[in-house]
Amino acid sequence: MKKKRLIFIALFLSIIAALAVYNYVFNAKHRDIAKEEAAVAMSAAEISNLFKTDESTATTNYLDQVVQLTGRITSIEDGQIVLDDGAQISFINPIDVSKYSQGKTLEIKGRCVGYDELLELVKIDQSTLIKN
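Mind the numbering: the sequence shown is residues 2 to 133 in the working numbering, read in order.
A few of these clues could be false.
As the list claims (entries may be wrong) - Below 25 Å or equal to it, Euclidean Cα-Cα: the simulated DSS-like pairs (lysine-lysine) are: (1) K30 to K124; (2) K110 to K4; (3) K36 to K53.
Unchecked claim - Per label pair, the in silico range of CB-to-CB distance: (4) K5 to T61: 46 to 56 Å; (5) N94 to L64: 50 to 60 Å; (6) K36 to S76: 27 to 37 Å.
For the record, the hints were derived by calculation from the structure and aren't laboratory data. Using N, Cα and C, we set each Cβ at its ideal position, and we do this for glycine too.
Please build the complete structure, drawing on both the sequences and the hints.
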């Protein structure tokens, strides 16, 4: 009888612990990149060169950080903009890309999510326009 009771209590406490972990993980507040201060401000060409020359150091310094980038639009496709042939920008809210043309200078703020070695592009997501 005592053994069954201990097993029941252990099972009950395990379920409570699992529910607490689930609640903590799935109800955590998400980051609001638009409201965060940028950790660093630089040109899109600069951050691209940093990743090209020393990817591991650049990844350590900039991965999952809010960055503010300035650059010339070199390509526009599928709601994404490439600045200075070095940073691919995805916006948190869809933008009307027809308002922008190649050669125009933009300033954005977003989260650095890594470097694509194949395309040689720094990936920035959850971006917002600062100046256009």
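Tested hints:
1. About 23 Å separates the Cα atoms of K30 and K124, which keeps this hinted pair within 25 Å; it holds.
2. With a CA separation close to 59 Å, the supplied pair K110 and K4 exceeds the 25 Å bound.
3. Restraint check: the Cα-Cα separation between K36 and K53 comes to about 29 Å, which exceeds 25 Å; the hinted pair is violated.
4. In this structure, K5 and T61 meet the distance hint of 46 to 56 Å, their C-beta atoms being roughly 53 Å apart.
5. A C-beta distance of roughly 23 Å is found between N94 and L64, which places it outside the suggested range of 50 to 60 Å.
6. In this structure, K36 and S76 meet the distance hint of 27 to 37 Å, their C-beta atoms being roughly 29 Å apart.
Hint check: violations occur at hints 2, 3, 5; the rest are consistent with the structure.
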